[in-house]
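> For the record, the sequence lines run as chains A and B.
The working numbering numbers the first residue of the first sequence as 19 and each following residue consecutively.
The working numbering numbers the first residue of the second sequence as 75 and each following residue consecutively.
Among the clues, some could well be false.
[To be verified] Non-contacting residues of chain B with respect to chain A, defined by C-beta distances greater than 10 Å in every case (computed):
1) G137
2) T138
3) K139
[Claimed, not checked] With beta-carbon atoms standing in for the labels, derived distance ranges:
4) B:K139 with A:A135: 28 to 38 Å
5) B:K139 with A:G57: 40 to 50 Å
6) A:N238 with B:T140: 50 to 60 Å
7) A:A46 with B:T138: 28 to 38 Å
8) B:K139 with A:S42: 41 to 51 Å
9) B:G137 with A:A90: 20 to 30 Å
10) A:H53 with B:K139: 45 to 55 Å
11) A:D65 with B:G137: 48 to 58 Å
12) B:T138 with A:T152: 44 to 54 Å
13) B:K139 with A:A50: 29 to 39 Å
14) B:T140 with A:R83: 25 to 35 Å
15) A:D43 with B:T140: 50 to 60 Å
16) A:G28 with B:T138: 32 to 42 Å
No lab work stands behind these hints, which were simulated from the structure alone.
Quick caveat, the model's predicted, so the values are computed rather than measured.
Ideal Cβ positions, reconstructed from N, Cα and C, are used throughout, including at glycine.
Here is how the chains run, residue by residue.
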Amino acid sequence: MTVHVEHCMGTVFTIDVRDPGDWSDAIARVVAWLHRVDGIFSTYRADSDISRLRRGEIGLEDADRLVADVLALCVTMQSKTDGYFTALWDGALDPTGLVKGWAIEAASEMLREAGSANHAVNGGGDIQLAGEATPGEPWRVGISHPIDRTHVMRIVPGRDFAVATSGRGERGDHIVNPYTGRPATDLSGVTVVGPSLTRADAYATAGLAMGPAGERWLENVPDYDGFFRADGLAPSATGVCRVE
Amino acid sequence: MRRVVLAIVSTVASLVLLLSFKTHNPSVATPPAATSNATGNTSTGSSSTGSSTSTGGSTGASGTKTVTGDAVDTRYGPVQVQVTVTDGKVTNATAVEYPVTDPRDAQINAYAIPALNQEAVQSGTAGIDMISGATYTSEGYIQSLQSALNKAGA
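Start from the sequences and build out the full structure, keeping to the hints where you can.
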């Protein structure tokens, strides 16, 4: 088993391989992959392919081929979320909402191809989990309270699944409802659980934009479940907040 | 330092409370017995900043030992947790390094429940492998604490 912690994309990644042996080489390839994705897709880096595309310096055909792959995925997810997930807002191309989940899911696939059946890749709380935590024991993912994030509200146990959380984050990020053009403020956090992190991440972002109605919408999406949380939930006297 | 100890314990306490709040799935009712007994003494700091790797072997747990977890880099700075383990039970947890500029420190501290400290620490964090939706700093606390527990065989 090998655990690696890496700072990338402005957040912390944990790569946790539970299979016996030393997985440093495979993990090094995953880390290189994550930094490569950041170099292509970062909207904070002036020299990234996305930034150059946004400035019109290059066309899609000049960008890394991964850009076209990701934009195609964005179009798919926009269609699957009735337009609530979008990589194009106010004329600016921003696939950030999909890139991290997609990169993590691909990282997990790289570990599988290297022979690991039991691992987790966590990027800032968006997690793709393969196999089991220990033989016979499922992975257990804690879902933190959207306001007081030191408190865990629920544990989701499972094998071969993904968990994504979108929220009005500590960085003051906000998700815009593309139909109103206003920040979506009805919910403080949406967590989506399902097989693919790429989709779970996009559904969580869309759910936040949809607001409370998103919960019913997600019920009709096969294989995915969600926890929608409104603002104002306070820890109870015992310090544990119940999920509504 | 004290407030950070409380912050750590508060985090642990909430995890433990959650573990005792096992209504959602019967499979979480039984904490794994000594599932993590890796020693991380071969911790190899990578040359790039903000990363660390530990590769585990295996050992038993007996007597009292103090183990320091990996330093986990967060957006606000590194977090490193030290635990004292006696006969396989965590008897103390302390942040030996933490970001002092984190505005959430005070907020975290507000939830500290001293009466639960000892019980919470003794129960450790067994049962949670990953956190979704955590802040960078609290994720750092948990990661470093978990790596210390893994090293200690707790």
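> Quick check: which numbered hints come out false for this structure?
8, 9, 10, 12, 14, 15
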